[in-house]
Each structure stands twice: as C-alpha cells, then as structure tokens.
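Residue numbers (my numbering), protein chains in the order written: chain A, 1 to 475; chain B, 1 to 153.
Just so you know, not all the hints are guaranteed correct.
[Unchecked claim] Calculated cross-link-like contacts (lysine to aspartate or glutamate; reagent style DMTMM-like; alpha-carbon spacing at most 25 angstroms):
{"id": "1", "chain 1": "B", "residue 1": "Lys13", "chain 2": "A", "residue 2": "Asp136"}
{"id": "2", "chain 1": "A", "residue 1": "Lys87", "chain 2": "B", "residue 2": "Asp84"}
{"id": "3", "chain 1": "B", "residue 1": "Lys56", "chain 2": "A", "residue 2": "Asp226"}
{"id": "4", "chain 1": "A", "residue 1": "Lys180", "chain 2": "A", "residue 2": "Asp226"}
{"id": "5", "chain 1": "B", "residue 1": "Lys56", "chain 2": "A", "residue 2": "Glu49"}
{"id": "6", "chain 1": "A", "residue 1": "Lys87", "chain 2": "B", "residue 2": "Asp64"}
{"id": "7", "chain 1": "B", "residue 1": "Lys13", "chain 2": "A", "residue 2": "Glu194"}
{"id": "8", "chain 1": "B", "residue 1": "Lys56", "chain 2": "A", "residue 2": "Asp196"}
{"id": "9", "chain 1": "A", "residue 1": "Lys87", "chain 2": "A", "residue 2": "Asp196"}
{"id": "10", "chain 1": "A", "residue 1": "Lys87", "chain 2": "B", "residue 2": "Glu118"}
{"id": "11", "chain 1": "B", "residue 1": "Lys56", "chain 2": "A", "residue 2": "Asp219"}
Hints were generated in silico from the structure; no laboratory data involved.
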Amino acid sequence: MRGGGDMALLIDFGSTYTKLRAVDLDAGALAAAGQGPSTVTTDVTIGLEAAMADLDRHMGGLPDFQYRLASSSAAGGLRMVTVGLVKELTAEAARRAALGAGARLVGSFSYRLTEGDTVAIVDLAPDVLLLSGGTDGGNSEVILYNAARLAESPLACPVIAAGNRNAADDIHAIFGQAGKPILIAGNVMPAFQELDIDPARAAIRQVFIDRIVHAKGIDRAAEMFDAVLMPTPAAVMAGAKLLSEGTQDRPGLGPLAVVDIGGATTDVHSIAGGDPTGEGVVQYGLPEPYEKRTVEGDLGMRHNARCIVETQGADRIAAAAGVTAGAVEDWLLRIEGDVEILPERPEDVAIDAAMARAAVRIAMRRHAGSVRIAHTAAGPVTVQEGKDLTAVAALVGTGGALVHAAAPAGVLAAALGDRSDRTSLRPMNPALFVDEHYLLYAAGLLAEVAPAAAFALAMNGIRAAGGKDERRGTG
Amino acid sequence: MSAQATGPARGRKLITGVIGADTHIVGSRILSMALEEAGFEIVALGAITPAEDFVKAAIETAADGIMVSSLYGQGELDCRGFRDLFIEAGLEDMLIYVGGNLVVGKQDWTDVERRFLEMGFDRAFPPNTRADQVIEVLNADFAVRSAGRRIAE
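Turn these sequences into a full structure, and let the hints steer you where they fit.
Next comes the structure, spelled out in structure tokens:
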C-alpha cells in the first residue's frame, strides 16, 4: 500500500461501471483507481467487490479508508417527473430544481393534469415527483387539483411539494389521507419571477438519501461504504462549484462551465451569474440559477449516436471527419450493435471525434443564453434570455468521450462561442481543462467532509488542454 | 392625503407592465408605487412585456387586475386580442385597464377610448391621468365586482 497518510474512497455506482477513486487526503491527489461492472440491477455488492479487488491490485493492499463516500447514477439514475402551473414559470422552475439536484428528468407537466397526464406519469414510474405551482399567496387551485389527482392515482413514489405555501397544509393532508409519502419544501418561485430552487434541491437530496438508495438496492452493500450522498450529476456539479469557488485559503478558478459527454446524454453545468456583460442589455425571462445544469437527452455518444448525427447532419459529420457518409452510417450501425464499442480504425476515431464535437457544440448552445435585438420606438434594444457565459474564466471537459479523445482540446473547443454568431452567449476565451481521471465527482463528494483536500484533488486532476492552435478544432 | 384602497379593493393583487416593444418604464413605475402605497399588492412586469406574459403572471400569482401601460403610440397594435388571451386562459372575468399615450397623433379621446373598450378593456385612461383617479376607479370597480357586477357605472 502507498503512503502512510489518511485516505478516502470515493465510489460512483454508474450505469455501466462501478468506479472507485482512492484519494490521498494529505497530498490532495489521486492515489489509485479501480473499476468493476455495474451490478445494481442484480446485486450491487458483486460489482463493488470486483472494483475493490481491482483497486487492491493497483494499490498493493487496501488501506483503512477514513471516508468511504458514494454517488449513484445506476438503475436509471434519479428518475424524476416535475409538475408545475405555467410552463415558462413554476413548471420551468421545478425542472431547474430537479436538474440542479442531479436528477434524470423523465417527464415535465404543466397546468391541470389531465387523465392522460396522470396515466403517463404512472407509466413513467418516477423515483420522485416534484410538484409546484403558484407564487406564495398566488394560485393554489391548480396545485391542489394536481395533488388530488396524483394522490388518488396508483403512483407510489415520494412526492415533494414546492409550490404556493398557502396550499402546503392542504397538500400535506391530501397525500397523508391517501397514505402516500409527501415532503413539503419552500416554493421554487415564491414571488413572480423570483427563483428559489435550493430548498427543493435539498429536499430531493434528502429523499434520495433516505429512500432512493434503499429502493435501488444500493444499501445492500452498506457495510462497504459510509454513505451514498447524492446522485452522480449532483456530485459533478458540487465538484464544479468547488473548482469555481475554491476554499477559505485557496482561490478558485472563478466563473466556469463544465461539459460532460456521456454515452446517453451530454450535461452542461455552469457556475456563473450569467448577467449581461454588454451595456444596456435587458434581461428577459425567469432568473437563472447561479449553479445551472442542463441535460441533453438526445446527445449521447452511444445510446443516442444516431440522434447526434441527425441533429448535426450526416454530411457535416462526414465532412468534419474526412470520411464518406457511408462510413458514418457503418459506424452508427456498429455502435447500435454494441453500445460499449470503442473506435479503433482511424476513420471511426475521426467520426467519433466529429460526433463529440457536434454534441458539445449543440449542448453548449442550448445551455448558454442568447441575445436578440428588439426594435422599440426608442431604437434597438438588446434583449438577453438565459445566461451570458461569454466571460467565464474556465471550461472543463469530462466524460469518457472527451477524456479518451485523441485531441480533447479540439472537442472541448467546439463549445466555444463563435465571433460570426454574436447571438449565442457561449464562453469566448476561457482556459480549457480536461478532467483526465474523472475526478470531479470524487472532489464533489469529498468536499462534503474535507473541502481543502477536495479542492486540491480537483485542481490536481484537471489538465490544461492545448495551446492556441489546438483550441479551434475543425468541424 | 392621497387616495387609498378601500373596502373590497384593499390588498387586491394588480399586475402592472408596459406592453409591446415599449421601453417607457417611468409611468408604469410611478403607478406601481402609488398603487402599492395605496394598499394594493403589486406584481410589476416592467418594460417591453409581451402580452402573453401578463397572462402567465396573472395565472401564477392569482392576480385580481391588470394595469397595462403603453406610451409609444403602438398601443392599439400591441393590445389587439389582449382580452382574448385571458379568455383562452380561463380568466375571462379579469379586470383589465389600459392607459398612457395609446395612439399616435392628436385623436379624439372618446373615440380612442371606445376602440379600446371594444377590444375588451374594462377601462381606458387618457394621458396625464393621476394615480389617485385610477385608485378611485379601482375602489368603485372592486366594490361592484364583489356584488357580482363587472364594473361600476
């Protein structure tokens, strides 16, 4: 075994792998990594034991870990449905709360739930449902109606109500009488155009720890770790926040964005205020959360490979990769035959990289805000919707497709803003980093108990990616 | 002493905002402050507010009335179909006022007022209306609305 210092074990129960990171707390550095299969759907212990054996081999004996903390995205992740009133207001606020809590959003509903909506929600069988609607003192009719529909439906999952506080007692009673689990949290939109998603996020995390970890069978291996603290995307976000803000003693990188390219989705996190940087720009729409996560369910490198190609256009992917459209189709078919496939032939490597660049470009364009010119009697006014990320200091790439890419900087650079398109507020000139050893989630978990070591781990784990010429990838 | 909300008008929730591509925020802001001081609850949407945003805000906040401002002469275009949006949203009984420089050039006010009332506004106010006047009308309208009628005589 290595060193005599205190060690921490950070576990990620993923959908494909059980990943382990052993961290030297004194050095704030990765000591070793281990990996096993994901076996949450059968017996989580099997995969974890395999991963521990792998780690043991790398370390030459396992130390007594001071902390053993886990996150999970296994068994479909934290599957959530959100329900709100107006689509662009409380329904959107609820969506942001769920995504910010690291959930996998499987459905979003607004206004009065119809019979069909209720049936759809029951079919989706979410792990948690977030119910919102009405500002405090505002509309309570619709949230009460929706609460009654849900309470009388066969839906069995815990419900978190984060809507009009004047309706909270009645909602509590409605679910209580139906014998269904209900948790009341602060309103996601307490006043008009005021976003307050932290209480709902905290409630989601509480339900995740108290109930979901057990429901997914992860606690079968409870003796092998101390706690499952949060869904993995929430751990990545916590790592991003730590990198951005630093600790009491060490300054962070400042406002930043993280792109996480996965097999099924591409996530973008931004830790930034996103206020307009231009002069006289008017902000429009619901206020943006400082820590914002968006998930592109159609941009996954393996499970949604065809969708990336269709969104970007097969011809453009082929041109960017320097191959024929037939080669792209051939690679897609092979991915569809085996979603764990890794590219080996040069043309497949090139197509994969072109797909990754497309996914990164589209995901960041959707995450970042935009501006448009409104023509008023007083002259043109620039109206901004969403976050202005043009001035973020850093852009960090993570996820297998990026980390294993031949030229990660080129893939990451696809997220950057483009001077020919001033309407999209993507990062313009950030420092580029790659989370080479997939440590952001580990840093996010470790930040709960040892922030200084966690920050050192995150900083040691990211590698500055590429010089100026490498930064602008083709395609 | 300036006018106060009285009787059923007290504590009513009113949405204010400047409709369309209109940046003239001052009138709406002064009105919002006066109404708030008078004892109304105000949800201020500010300048450059699309018509649909008044409806969305009204739904979430369960507002009792809407105070639309338009200062740049395009009010007639911006306000067309405004009442219909509320009807579509199931808020057909919403009390809706409009005021400001509603049209371009010198036009006979009674004619302008008639056109806006035909569009479905409950009240239209000419330029230079004082906030006190609006508060008195709100008092009268909320008084008769609690008796089941739409607006006061």
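Here's how the hints hold up against the structure:
In summary, the hint linking B/Lys13 to A/Asp136 is supported, as the alpha carbons are separated by about 12 angstroms, within the 25 angstroms threshold. The straight-line distance between the Cα atoms of A/Lys87 and B/Asp84 is roughly 19 angstroms, inside the 25 angstroms bound, and the hint therefore holds. Our distance criterion of 25 angstroms between C-alpha atoms is broken by B/Lys56 and A/Asp226, whose separation comes to about 46 angstroms. With a C-alpha separation of about 29 angstroms, the suggested pairing of A/Lys180 with A/Asp226 is violated against the 25 angstroms cut-off.
For a cut-off of 25 angstroms, the pair hint linking B/Lys56 to A/Glu49 is broken: about 53 angstroms separates their Cα positions. For the hint pairing A/Lys87 with B/Asp64, the CA-to-CA distance comes to about 21 angstroms; that is within 25 angstroms, so the pair holds. Proposed proximity of B/Lys13 and A/Glu194 is supported: the alpha carbons are some 17 angstroms apart, at most 25 angstroms. About 18 angstroms separates the Cα atoms of B/Lys56 and A/Asp196, which keeps this hinted pair within 25 angstroms; it holds.
About 17 angstroms separates the Cα atoms of A/Lys87 and A/Asp196, which keeps this hinted pair within 25 angstroms; it holds. For the hint linking A/Lys87 to B/Glu118, the alpha-carbon distance of about 30 angstroms lies beyond 25 angstroms, and the restraint is violated. Simply put, B/Lys56 and A/Asp219 have alpha-carbon atoms about 44 angstroms apart, too far for the 25 angstroms limit, and the pair is violated.
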